[in-house]
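Line order of the protein sequences matches chains A and B. Residues 1 to 162, numbered by our numbering, are exactly what the first sequence covers, in order. Residues 1 to 162, numbered by our numbering, are exactly what the second sequence covers, in order.
These are calculated hints, taken from the structure and not from any lab test. A couple of the hints might just be wrong.
The list makes no distinction among identical chains, and a pair is therefore deemed to hold if it is satisfied within one copy or across any two copies.
[Said to hold, decoys possible] As a list, the in silico DSS-like pairs of lysine-lysine whose alpha-carbon atoms are at most 30 Å apart:
(1) Lys69 x Lys26
(2) Lys92 x Lys132
(3) Lys54 x Lys107
There are 2 protein chains.
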Amino acid sequence: MEKFPAPSFYAHRHNHNACIHSALNKAQHICAKKEIRFTRIRQQTLELIWSSHKPILAYELLRTLRREKHNAEPPTVYRALDFLLENQLIHKIESLNAYVGCHFPDKDHISQFLICTGCHQIAELEDANVNKVITRQAARSGFQVAQQTVEIRGLCPTCQNL
Amino acid sequence: MEKFPAPSFYAHRHNHNACIHSALNKAQHICAKKEIRFTRIRQQTLELIWSSHKPILAYELLRTLRREKHNAEPPTVYRALDFLLENQLIHKIESLNAYVGCHFPDKDHISQFLICTGCHQIAELEDANVNKVITRQAARSGFQVAQQTVEIRGLCPTCQNL
DNA sequence: TGACTAATTGTTATATTATAACATAATACT
DNA sequence: AGTATTATGTTATAATATAACAATTAGTCA
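Work out the full structure: start from the sequences and follow the hints.
What follows is the structure, given as C-alpha cells:
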C-alpha cells in the first residue's frame, strides 16, 4: 500500500505567497531549534529562491539581491547558498547549476527532482521506492550509497497539453 | 529473473589498454556506420577521456591535449566533447562537470552512475529497474519522462575496505 | 560593562567552466 | 574544378565559483 505522493507540480495560479511564507516560517523555526543564525542576507536569499518554483541561478540571485543590497558580491550569494544547502533549506539542481527551495526542510530525506522543460518548474519528490531501488541495484555492484542526485527532465501535466 | 548487472567497477589492475582499444574501436565502427567523421581531434579526445575510469574535467583534457596539439583552445575541446556527447560515446557527470567514456555506445540506453568518493572511479549501470521505477513514480505526478540524470555517490567495494 | 571569541559579512582578486563570433581550412558532392 | 558543408583556428568574453584577508557583528563570560 503506497501513500499518496507529496504535492508535486503547482497549479498555474496557486497562492504562492503561502508557499513563500511557509518556507520562511519553517526556516525560522529550524534555525531557532538548531541555534544557528538566520541572518537578513540568508532570509533574503531564501525568499528570492522561493520567489517561484523555478530554479534560480546564483548570478540571477545576485542581480536581484543587489536591488536591496547595493554592495552584494558573488561571495555574499555563495555563502548564503552554502548555508542554506548545508541546512537543507534549499537544493542544488546539478544539471542546471541552479537552486530551488526545499519542500521538506524539517525532515531528513532523499529527494528526486522533476524538471519540466516546458515551463521550467520543478517538483521535488521524496520517493522511498526510487531510493530503495537505487540503493538495491547499487548494492548488486557492491556499492555503498551515501548520496543521490536524481534529476528527471520531461513535461509536467500542464505542458503535455500545450 | 534478473540478469547479472553489466561490469561496473574494475579491479585496480585490469588490462586497461583493452578498455581503451575497445572503446576506440567501437567508436570507429559507430561513426563509420552513421557516416559521421571521427576526426583526429575527436579520437584524441575520446582516447584521453578513456585514459582512466575516472571522470575528466574539460580543462584537464585541454592541458593534456595541448601536449600533442600546441594550439588547442577551449572550443577545440568543447566541440569534441559536444560531438562525443551527441553520439553517446561519452557521458557528462553533471554533479562533477566532468566527462567519462560511455560503456554502451552501440546501444540506446539510460544509465546511472556510481561515483566512488574514495578512488574517484565511476561505474556506469544501465539498470532497467531503476529506470522503470523512476518513470512510474514520475507518472504518478502526471509527469512524462524524457531524460534522466542519476548520479550516486558512495564507496566502491574496494574503498569500503580501506 | 567591556574584553575576548567566534561567526558573519565586506572586499578584491582570481580560478574554473563554457560559449559567441567570425575567419580559415578540409572534406564531400556534383 | 566549383560549390556546399562540415570541421577547425582564433580571439574574446560570458557564466559559475572560490581564495584570501580585512572589517564587523553577535555571543560569552569574567
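The hints, checked one at a time:
no.: 1; hint: Lys69 x Lys26; verdict: within (24 Å within a copy, 55 Å between copies)
no.: 2; hint: Lys92 x Lys132; verdict: both (22 Å within a copy, 24 Å between copies)
no.: 3; hint: Lys54 x Lys107; verdict: within (22 Å within a copy, 34 Å between copies)
Of the hints listed earlier, there is not a single one the structure fails to meet.
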